[in-house]
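Chemist: This is what each chain is made of:
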Amino acid sequence: MRVTLHVDGAELAAEIDRPGESLLSTLRDRLGLTGSKNACEQGECGSCTVLLDGAPVCACLVATAQCEGREVKTVVGAVPRPVRDAFVQCGAVQCGFCTPGLLVSVADLLERDPDPGDAAIREALAGNLCRCTGYEKIIDAVHTAAATLAGERP
Amino acid sequence: MPEPAKTPTPPPWAAGGVGRAPDGEAAERVPVAAPGGQPPTRGVPTGRVPGGGVGDSPIRPEAESKVNGAFDYASDLAFEGMLWGHTLRSPHPRALIRSIDTAAALALPGVAAVLTAADVPGKLHYGLIEADQPVLAPGEVNYQGEPVAVVAAETLDLARRAAELVDVAYEVLEPRCDAGEAVEAGEYFRYQPVRLGEPVTADAAVVIAREYEVGMQDQAPLGPESGVAVPTGDGGLVLHVATQWLHSDLEQIAPCLGLAPERIHLAMAGIGGAFGAREDLSVQVHMAMLALRTGRPVKMMYDRAESFLGHVHRHPARMRYEHGADQDGRLVYVKAHIVLDGGAYASTTEAVVGNAASLAVGPYKVGHVSIDAWGARTNNPPCGAMRGFGGVQTCFAYESQMDAIADALGLDPLEVRRRNALAQGDKLVNGQVVDAYDPTRAVDGQPFSPLRDLLDRFADIPVPPIPAGRDIVELPGGTGNTTHGEGVRRGVGYGVGLKNICYSEGFDDYSTARVRLELDGATGEPVAYIHTAAAEVGQGHWNLQTQIARTELGVERVVLLPNDTKAGSAGSSSASRQSYMTGGAVKAACEAVRDLWQGRDLDDGPIEATRVFRHRATKPMDPVTGQGDSHVQLALCVHRATVDVDVELGLVKVVDLTCVQDVGKALNPVALEGQIHGGSAQGLGLAVMEEIVTDGGRVRNASFTDYLIPTILDTPPMRLRIVENADPEAPYGLRGAGEPPTLSSTPAIVAAIRDATGLPLTRVPVRPEHLTVRRPS
Chain G
1 MRVTLHVDGA
11 ELAAEIDRPG
21 ESLLSTLRDR
31 LGLTGSKNAC
41 EQGECGSCTV
51 LLDGAPVCAC
61 LVATAQCEGR
71 EVKTVVGAVP
81 RPVRDAFVQC
91 GAVQCGFCTP
101 GLLVSVADLL
111 ERDPDPGDAA
121 IREALAGNLC
131 RCTGYEKIID
141 AVHTAAATLA
151 GERP
Chain U
1 MPEPAKTPTP
11 PPWAAGGVGR
21 APDGEAAERV
31 PVAAPGGQPP
41 TRGVPTGRVP
51 GGGVGDSPIR
61 PEAESKVNGA
71 FDYASDLAFE
81 GMLWGHTLRS
91 PHPRALIRSI
101 DTAAALALPG
111 VAAVLTAADV
121 PGKLHYGLIE
131 ADQPVLAPGE
141 VNYQGEPVAV
151 VAAETLDLAR
161 RAAELVDVAY
171 EVLEPRCDAG
181 EAVEAGEYFR
191 YQPVRLGEPV
201 TADAAVVIAR
211 EYEVGMQDQA
221 PLGPESGVAV
231 PTGDGGLVLH
241 VATQWLHSDL
251 EQIAPCLGLA
261 PERIHLAMAG
271 IGGAFGARED
281 LSVQVHMAML
291 ALRTGRPVKM
301 MYDRAESFLG
311 HVHRHPARMR
321 YEHGADQDGR
331 LVYVKAHIVL
341 DGGAYASTTE
351 AVVGNAASLA
361 VGPYKVGHVS
371 IDAWGARTNN
381 PPCGAMRGFG
391 GVQTCFAYES
401 QMDAIADALG
411 LDPLEVRRRN
421 ALAQGDKLVN
431 GQVVDAYDPT
441 RAVDGQPFSP
451 LRDLLDRFAD
461 IPVPPIPAGR
471 DIVELPGGTG
481 NTTHGEGVRR
491 GVGYGVGLKN
501 ICYSEGFDDY
511 STARVRLELD
521 GATGEPVAYI
531 HTAAAEVGQG
541 HWNLQTQIAR
551 TELGVERVVL
561 LPNDTKAGSA
571 GSSSASRQSY
581 MTGGAVKAAC
591 EAVRDLWQGR
601 DLDDGPIEAT
611 RVFRHRATKP
621 MDPVTGQGDS
631 HVQLALCVHR
641 ATVDVDVELG
651 LVKVVDLTCV
661 QDVGKALNPV
671 ALEGQIHGGS
681 AQGLGLAVME
691 EIVTDGGRVR
701 NASFTDYLIP
711 TILDTPPMRL
721 RIVENADPEA
731 PYGLRGAGEP
741 PTLSSTPAIV
751 AAIRDATGLP
761 LTRVPVRPEH
771 LTVRRPS
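Sequence lines, in order, name chains G and U.
Residue numbers 1 to 154, in the working numbering, belong to the letters of the first sequence in order.
Residue numbers 1 to 777, in the working numbering, belong to the letters of the second sequence in order.
Each hint should be verified, as a subset may be incorrect.
[Unchecked claim] Keeping only pairs whose Cα atoms sit at most 20 Å apart, straight-line, the calculated DMTMM-like set for lysine to aspartate or glutamate is:
| no. | chain 1 | residue 1 | chain 2 | residue 2 |
| --- | --- | --- | --- | --- |
| 1 | U | Lys335 | U | Glu184 |
| 2 | U | Lys365 | U | Glu322 |
| 3 | U | Lys365 | U | Asp328 |
| 4 | U | Lys653 | G | Asp118 |
| 5 | U | Lys653 | U | Asp714 |
| 6 | U | Lys653 | G | Glu123 |
[Said to hold, decoys possible] Interface residues of chain U toward chain G, partial, derived using beta-carbon atoms under 8 Å:
| no. | residue |
| --- | --- |
| 7 | Phe71 |
| 8 | Asp76 |
| 9 | Gly223 |
| 10 | Gln327 |
| 11 | Gln424 |
| 12 | Gly425 |
No lab work stands behind these hints: they were computed from the structure.
Just so you know, even glycine gets a beta-carbon here, dropped at the ideal spot from N, CA and C.
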């Protein structure tokens, strides 16, 4: 079956031969878009978080067959520059494997709540596992990104 | 006449000691926590100045590619015409293999190869220390998950289905799963005693004898084991691997493939975390065999369940400790009986036992010691390297013992540690003199005690108060709405960790760096090129190499060449050693280039130097007494944990982790803080949630659904106080920093839970059911 997706602004078609193929597998293995990471493939770690029609989902838990004509934003297309910069500047990136998923979750959080407190950040990112940082620098980065984005708003 | 092009000249301070810690004085930084122990200020990048040299926190060279999705991890690699490999693993912890029939798997369209032990081209076994791990099981399996056959097919899905069609006839045997019984039966990889003086129970005013248990922890790096083997067409191979030590991989891979090492080129692929899990081989030989057989590139990539079976874990431990102390709480003697479960194959158990034995008492002075440590051979999952490496298990025990002594004598937990703290010139239990601090430094006429120094810093960091009007989501149970605070008790506890840095016990530990300085053809500015084989596992080592080059050569631009086996060995990104060792090698190579630059003009051509860096020699432990200067460098970390415990439901919330760590010299404050945060969080995981549960040798929880690692909701704010007591022997005075916090946070958290509950708690991880038993009234 042929599925057409809008991924990070581009219209892409994928030929699916398994009905259960995940969106993550289609992105990574068929379309070569490896920005979304595969750490658990059962929705526990959040490394593959993408925005599907604007809503954050684990791409490993979404069947590609459900995505016909829908908009997918990965780390490439979902994340405002200041969020990336904040992660880099604050040392929120170590091995970086969780980073693409975290960035998408943070972009989603800041879209909903432009100035989240620590508790709101923790709640929003509870589905994104990081094994390197102990999360402290990630919280710093979210605050930094929020401040930068606030400064950019008219 | 036109002005001559400006030729860069060597920096004027070329002969000096740039970036060294201030002489004599211990510097202290408080990078995140404000003085007075206020909560960390958020959103303020710390310690960053534009110079980008040693002591600064420049942005990582790979950071941009890690935030835009472009960084290629091993699992992201793809090659034209690539096949996928998959491993068939034993479902039994112990069995004989009577036959293997691969015909049905091979008959599946799209399957290119199915290989078993009979197809291994060279040696049948490999291993980090002892070559006892079969490439593919030759006639018997000794743990659940042991590789039996490998398949290559057009897709991963197909390879998995083909593996299911391989028919293996097992004769199932009774597995040996009890490490204590294994030791009694003589089944162990190493026994290491330590003897000092004569421990006599009657000599002590207070005797504390307890048994402790540490569960099996997993490194759980997020990046799965993965790699691609690409045949070169002439019988050789290029292996793209994510490993902690390229050259050790090569030494193990080549004999198994029956190839000369020169025929195999290892290129480092992006590493999604390691923590010890990438010391042993995983996909390497298997994918290489499949590529050699098929003549096509072969990629292998474990899923999470396979990852849990496909790498070693932290040794679970059972320990019996007896501490005797005098009326003032000073240690009179320590006896310890330590059994670590090494599982089915050797991996690094031998070295882990050495650490467990030599660090068994911690950083405390005691004249009479009797320690016996074993690494048992069982049919449980193989155990090997994980951050902390033999120091973690005993640290939980000896710190629990120190608290018990304090309790028995009514002493403050900090005071009992202060009274026993080792000082410069004192001996560890292996007889090694503590000599890695400024020898001229003294406090009140007494030799400097690095531990007392750290303990004293807690005096002005207050325990966080219980906030008035707390939201219930801040209580244990969080958004589960499990309590309004009725059964919630607060507790505070301390933990001290002592970790050896670099490889111990006489190992020839070295690293190699090549540095070339040349002019950029377009701009005329000098560019330093650095080539090493050192693994960037996330710790920030690539960044540190650029910082060292900027500091030593005074150049702005530094280019890191890809890590591969064309460079000399860098040793492993393990044992908190890479800043010391490859940092030391890069520094030495830069210094050599700088010296050459004094007499030459860069216009005349590039200047290049290669240097091999070694730390001071160490000695093996005496097999009978355990005596011998076995360690290179010692590093200390102290944690104070504050917890809230719902004593009715057994739920724990770690409210605060405050860490005081001696790092010798902070080379990159932001990366350093990240190491301490991450190490502390892994210690938290062991304290309250992380354990691979086995039943009869079978792993019961090989998923992130069932093996819990701390989420952002489980991890508290972490206040850091970073102390710089330089090591005069180490590059820039540094002390390895990645592991010590992993040791100390676990006992600190458990001590805090004991404080809240009054329960003895002698096992980690502490589970809810350990807290909901009837409490002493």
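Chemist: If a hint holds in the structure, say so; if it doesn't, say that too.
Modeler: These are the hints, each one checked on the structure:
1. U:Lys335 <-> U:Glu184: holds (19 Å)
2. U:Lys365 <-> U:Glu322: holds (15 Å)
3. U:Lys365 <-> U:Asp328: OK: Lys365 (chain U) and Asp328 (chain U) at ~14 Å, within 20 Å.
4. U:Lys653 <-> G:Asp118: holds (16 Å)
5. U:Lys653 <-> U:Asp714: Distance of about 7 Å is within 20 Å: holds.
6. U:Lys653 <-> G:Glu123: Distance ~15 Å between Lys653 (chain U) and Glu123 (chain G) Cα, so the pair holds.
7. Phe71: holds (6 Å)
8. Asp76: holds (4 Å)
9. Gly223: Status holds, d = 4 Å.
10. Gln327: With a minimum Cβ separation of about 41 Å from chain G (threshold 8 Å), the hint on Gln327 (chain U) is violated.
11. Gln424: Gln424 (chain U) check fails; min Cβ-Cβ to chain G is 32 Å, beyond 8 Å.
12. Gly425: violated (35 Å)
Hint violations for this structure: numbers 10, 11 and 12, all remaining hints satisfied.
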